[in-house]
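> Listed below, chain by chain, are the residues.
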Amino acid sequence: MKKVFASASLIALFSGGAAFAQECTDPVPITWSTIAGFYTDAMASFVKSFEEKNCAKVTVVNIDNSQLYNKQVIEMVGQTGAYDVVTLETAEKAEFAENGFILPMTDFFKDKQDLLNDVSPTLRAMTVEYKGNVWGLPYYTYSAGMFIRQDLFDDPTEQAAFKAKYGYDLAPPTTWEQHRDQAEFFTRKKGDLLKGQPLEKDFYGVGLMAGPFPEIQDEMSAMIWGMGSDWLNADGKVPVDDVEKAMNEYLALMPFAPPAALTVTYDGVMNQMKDCQIAMTAGFFLDQWPNAVKTEESCPGAKMAAIEAPLKKAYVGGFLLAVSSSSANPDMAMKFVAHIGGPEIQKQFAELGGASTLTSVLTDPEFATPEKRATNGQYATLNQVFDSMAGFSSNLFKTPFGAKIYNTMQIPLQSAASGQITARQAAEQLAADVEKICGGPCPIAN
Amino acid sequence: MLRRKSSWPVEVLRYGTILLVILFFFFPIFWMVLTSFKPESAIMVSPPQFFFTPTLDNYAHALVDKNFLFYVKNTLIISVISTLIVVAFGSLAAYSFARFNVGDGHILFFILSTKMMPAIAVILPYFLIFRDLGKTAIGKSLHLGLDQHGALIVSYVMFNLPFAIWLLVSFFQDIPRELEHSARLDGLSRLQVLRKVTFPLAAPGIAVTAVFTLIFCWNEFLFAYILTRKAASTVTVGVESFFTLQGILWGPVAAAATIAVAPMLVFVLVMQRYMVRGLTFGAVRG
Amino acid sequence: MTTTWESPGSDVVPKPGRAGMSDRMFSILLIAPAMLVTLVFAILPLVQALDVSFRMGDLSRGKLGDYVGLENYRVVFADPAFWSAGLTTLKFTIVAVGLQMILGVGIAFLLHSATFGKGLTRSLLILPLATSAAVTGLFWRYLYDTQFGVINWVLGSFGLPEPNWLGDYTIALWSVVLFDIWQWTPFVALIALAGLQALPKEPFEAAELDGASRWRVLTTLTFPLLKPVLFLVLVLRTIDCVRLYDAVAVLTRGGPGTATETMTFYLYRTGLKLFRMDYASTMAVFFLYVMLVAAVFALTPLLKQFTDRAKES
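Residue numbers (this note's numbering), protein chains in the order written: chain A, 2 to 447; chain B, 11 to 296; chain C, 2 to 314.
Isolated chain A (complex conformation) (with noise of 0.2 angstroms):
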């Protein structure tokens, strides 16, 4: 079966243990199941090492990112085995965990706690931890802050134009109410002046990912987070009035995003700012980064900044590699986990762009260098998102049904986005559906 390997040098690089090689006749086979793309093209090649070192036979499959759940389960419930290594999103783990799906790593890791203390604390109590147990290793980051025109809000005539119609200064929004405040002035008609110049096209106050996704929900956590509540409380039930209130902040945005707004995900909304049609997002990606600053070579003038997100709440998660219970080779399974999610192999993920999921990584100095800007430059933001979530979990991430409630729960709330049905009626669904999952109240583990 064929490797996709990112580049032949990366590969020659990385192949130091060539007598380790020669000695292995007969390599232990595992497949990875993961999502397909740079990062992971990158991660293929740092599975070389692995397969010389430890005489393993690496196959990596790589799927598209919506499927990836779905093909997923399918093979779990199938007990094929086919998958020794999963990939999973923040929501999902618990239902992994819960319904056998993947193996508890704890005895593992028991000789392994730096690396697990290396994992930064907000993103491990999300994606490491369930029951007590230890289920797996993040290797990748996709926490949100915001992504803007930092060359919009240092201008000094808009600066001047804000104040004078808002009465506050211009600057990046700590709250949601100022971030509305920015998104509705910057949205500006075709001929209308932005930095002085005319535009050549309309242009929005913010980029949003109401389509038919899983991320109009990331987008709506950070506000529903930032008023200090929850999808789901304590009783496992999703609460109402919250929903709604996050829901009309959330709508309040709407009429400053691009029509677009209602059917793209986040790479649509890199693509608006990448063409100069947007001045911001709301809660977004921080791993995207890479792709947000290449907005200073298609659009003149333009400056990117990556800050975090309003009331200093975001979407924090990763995605995490887990063991299939249904794998043959769980003990190799478990080492190539550690492989990829530990120091060596995350700090070569950094130099690529890699959005690391290690304290080490992310703090060392190498990476905060104007050099590494262009690939890197978001990790400062990173920093300051985990420091300021410290402690934060969500109640999504410790029921069974998350994955579930999470892959469901962008219908009710893109039928209020796209002025279908009232804040109310969405957030009333919402409940009814979760509620329609979980048999009842959801449980919620500790």
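Because the hints were derived from the structure by calculation, they are not lab data. Please read all numbers here as calculations on a predicted model, not as lab measurements. Careful: at least some of the hints might be erroneous.
Unchecked claim - Short, incomplete list of chain A residues facing chain C, as computed with Cβ under 7 angstroms: (1) Asn-100; (2) Leu-252; (3) Met-255; (4) Pro-259; (5) Gln-273; (6) Gln-421.
Unchecked claim - Sample of chain A residues at the chain C side, in silico, Cβ under 8 angstroms: (7) Val-78; (8) Thr-81; (9) Glu-96; (10) Lys-132; (11) Pro-213; (12) Pro-260; (13) Ala-261; (14) Leu-263; (15) Asn-272; (16) Pro-331; (17) Ile-412; (18) Gln-415; (19) Ser-416; (20) Ile-438.
All residues carry an ideal CB built from backbone N, CA and C; glycine is no exception.
Dock chains B and C against the given chain A, drawing on the hints supplied.
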């Protein structure tokens, strides 16, 4: 109907409409092919770019980095074998229905009614069936397990047989029985009659059936997506490997999509004479 | 039923030593391979679906559970999302099939009457048919895009309104319909064109001699002669539209909200996202039941045509 000479406004209207029809049906494919030659900087931009410096980078990415031809090879193997089986089984069955009215319509109804089944409803049972089949000796020898070509071939045969039989029955009915009679009187066995008389006469119909079956197999997505992982994945699934964490790579997707549909496009262009001739299902008899 | 019905061919089998096989035996042998495949791979999943529809079956929580009688049917029939998906499917099918038939037949007439450019048009027309919805649907999403799409750019340059094709819940379904029209109208057009070209010449010449009007020729000759083939296309297109999945999956994923959620997509979401195989199987059984009832009406005339012809000669 061609008898009356039309006045020139009617002619202008007629060819104007034809032009619009061509534009509507051809443009999306043209745009896909055009996108495949665009550099990244010319794709997701507004206004849309019609003029740009063409590049082959997208094809290089799809063919070299992602080895997209691997999916093409799988698709070719699976579709061609499926089509051969469908045509073989379908022709025999259709001949039986057409000549002997076996089952007096009831069996034919049963077979046709399986076309009603939505694939999505049976996909998980299929997954489990092939998982278990793959562990048996016969399943192993015929590659019927998950992520093996045989599983998809069997699925495609199953899902294309009804339509194929449907098409073929009418073709066989159009062949005069007298020809078969005289051939038998000449001492040919039943099978020889089939091989030497009936099938050659039904060749255009069989060709149409093969074309459609091949198209349907080539373009199938759902079974390919659920029943394969990597080793037996087809082009429709392969295109999805360009949906990455950084978003859809539109240039390479366009290149892969162009490679994925090109064989069928060329194929239908070559076969279109047959297709149109055979498409009356024997329902209009002049 | 004529149990001993035999083709005329049977009594002209004078060959000694070969009399062993009757027509009946031979005919059964011929359908055996196709029947075997169909029986195993249609009946097996169906039996399984029926079985699961009477049991508790949350697949993501492991094995199938106890038998619960008609409980799943009660839940499914009481589910408003199920009926709303059914309604969406109905709306989609009626409009898509209707327009495909009208446009397809219209294009067939247009091409039939054209004197040049026919071959080229036919070649270009046939292309959408040869592409996969899963692949070209993606490019329709691109064409429809409000920020980067060609369609709205063209509309905008003419000062026309720029609809949010896939984002506006009032029109998203019709945008999916438009895509389906793009892909399948050629199918209807080609078959109708083939039908037109196969029409017998004599009655039309006679009608012309009688000085019949175009309209009269159309309604009394052309359409009645084309009716059987058009009916067949209608049935085929209806079956495909009711089962529509790929186009929705690639263009809208049922969204915004559930505005374009068809029956099969809801089935997908229930079975492969929520892994409630019990509800999904129940829906599948119900779906198949409705289709079969419809099929009895739709297929009977076609089958009669088949069996009549099989008997006649």
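> Now tell me if each hint is right for this structure.
Going through the hints against the structure:
1. Asn-100: It holds, given that the least Cβ distance between Asn-100(A) and chain C is near 6 angstroms, below 7 angstroms.
2. Leu-252: violated, 13 angstroms
3. Met-255: The hint is violated - Met-255(A) has no Cβ within 7 angstroms of chain C, the shortest such distance being about 11 angstroms.
4. Pro-259: Hint on Pro-259(A): holds, closest Cβ of chain C at ~5 angstroms, below 7 angstroms.
5. Gln-273: Holds: closest Cβ of chain C sits about 6 angstroms from Gln-273(A), inside 7 angstroms.
6. Gln-421: Holds, because the Cβ-Cβ distance from Gln-421(A) to chain C comes to roughly 5 angstroms (cut-off 7 angstroms).
7. Val-78: With a closest approach of 5 angstroms, the Val-78(A) hint holds.
8. Thr-81: Where the cut-off is 8 angstroms and the nearest Cβ of chain C is about 14 angstroms from Thr-81(A), the hint is violated.
9. Glu-96: Glu-96(A) check passes; min Cβ-Cβ to chain C is 7 angstroms, inside 8 angstroms.
10. Lys-132: violated, 16 angstroms
11. Pro-213: holds, 3 angstroms
12. Pro-260: holds, 4 angstroms
13. Ala-261: holds, 4 angstroms
14. Leu-263: holds, 3 angstroms
15. Asn-272: With Cβ-Cβ at 7 angstroms, under 8 angstroms, it holds.
16. Pro-331: violated, 19 angstroms
17. Ile-412: holds, 6 angstroms
18. Gln-415: With a minimum Cβ separation of about 5 angstroms from chain C (threshold 8 angstroms), the hint on Gln-415(A) holds.
19. Ser-416: For Ser-416(A), the interface hint holds, since the closest Cβ of chain C sits about 3 angstroms away, which is under 8 angstroms.
20. Ile-438: holds, 7 angstroms
Of the numbered hints given earlier, the model fails hints 2, 3, 8, 10 and 16; all others are met.
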